[in-house]
Amino acid sequence: MCMRLFVAIDSPPWVKKKLALAQNLLPSGVRKVEAGNLHITLKFLGEVTLKKIPSIEQRLGAIDQEDFEIKVRDVGAFPNEEYVRVVWAGCKGAGLKKLAEKVDIALKEYPKEEFTGHITIARVAGKAPLRGFFQDYRDFMFGYFNARKFLLMASELTSSGPKYSVLAEFPLRGAKL
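Residue 395 in this note's numbering is what sits at position 67 of the sequence shown, and the numbering runs on without skipping anything.
In case anyone wonders, no lab produced these hints; they're calculated from the structure.
Fair warning: there could be bad hints in the mix.
Pairwise CB distance ranges (calculated) [claimed, not checked]: (1) R387 - P355: 36 to 44 Å; (2) E442 - L485: 21 to 29 Å; (3) R387 - C330: 14 to 22 Å; (4) Q386 - L485: 21 to 29 Å; (5) S356 - E442: 27 to 35 Å; (6) K491 - R459: 30 to 38 Å; (7) P355 - T486: 21 to 29 Å; (8) E437 - G460: 41 to 49 Å; (9) E375 - N352: 27 to 35 Å; (10) K436 - R459: 36 to 44 Å; (11) P355 - G502: 38 to 46 Å.
Here a beta-carbon is modelled for each residue, glycine too, at the ideal position from N, C-alpha and C.
Using the sequences and the hints given, assemble the complete structure.
Right, here's the structure in full:
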């Protein structure tokens with residue numbers, strides 16, 4: 329038996345609220361990510377057998393890092409704004425890239441991807457008129473928050489979209505939970 333896993337930092341309600349307001353201005357034909365699912369992915373693990381989860385939890389629990397501030401600002405697209413598949417809000421913070429690197433080292437047997445701090449806010453299957461949206465939200469500050477923990481999460485793909493569940497929480501040093 330396998331589970332689809334990833335490591336993430338959840339977004340606080342006030343950031344999710346501002347992101348949801350921006351999502352309302354996206355054109356039709358763009359699939360918005362549910363507000364409850366807005367998070368920063370540190371590392372995607374993919375399909376993992378259940379027997380490997382305790383080892384993953386142990387290694388993630390051994391990561392030592394101070395809590396840190398994350399600024400959620402700006403919008404962009406993957407692969408780029410001319411050919412959009414994902415619309416994102418940017419995430420910056422000195423500790424964010426450092427934590428992603430530590431997670432990557434702890435779980436080095438899983439595929440390495442170049443880390444880009446972001447929150448996926450929508451997915452695009454075809455062509456959509458997004459130029460105005462990108463212009464309106466360029467340099468827009470959605471908010472900032474202190475990252476106090478990171479999570480091991482499971483993702484179940486359903487016909488109504490992904491359903492996420494938290495398998496384990498890992499507090500950062502100095503964090504007041």
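Evaluated hints:
1. R387 - P355: 36 to 44 Å: Since the Cβ atoms of R387 and P355 sit about 42 Å apart, the hinted range of 36 to 44 Å holds.
2. E442 - L485: 21 to 29 Å: The hinted range 21 to 29 Å holds for E442 and L485, with Cβ atoms some 24 Å apart.
3. R387 - C330: 14 to 22 Å: holds, 19 Å
4. Q386 - L485: 21 to 29 Å: holds, 27 Å
5. S356 - E442: 27 to 35 Å: holds, 32 Å
6. K491 - R459: 30 to 38 Å: The hint (30 to 38 Å, Cβ to Cβ) holds, given that K491 and R459 are roughly 33 Å apart.
7. P355 - T486: 21 to 29 Å: holds, 25 Å
8. E437 - G460: 41 to 49 Å: holds, 43 Å
9. E375 - N352: 27 to 35 Å: Since E375 and N352 have Cβ atoms about 34 Å apart, the given range 27 to 35 Å holds.
10. K436 - R459: 36 to 44 Å: holds, 40 Å
11. P355 - G502: 38 to 46 Å: This hint holds: roughly 42 Å between Cβ atoms.
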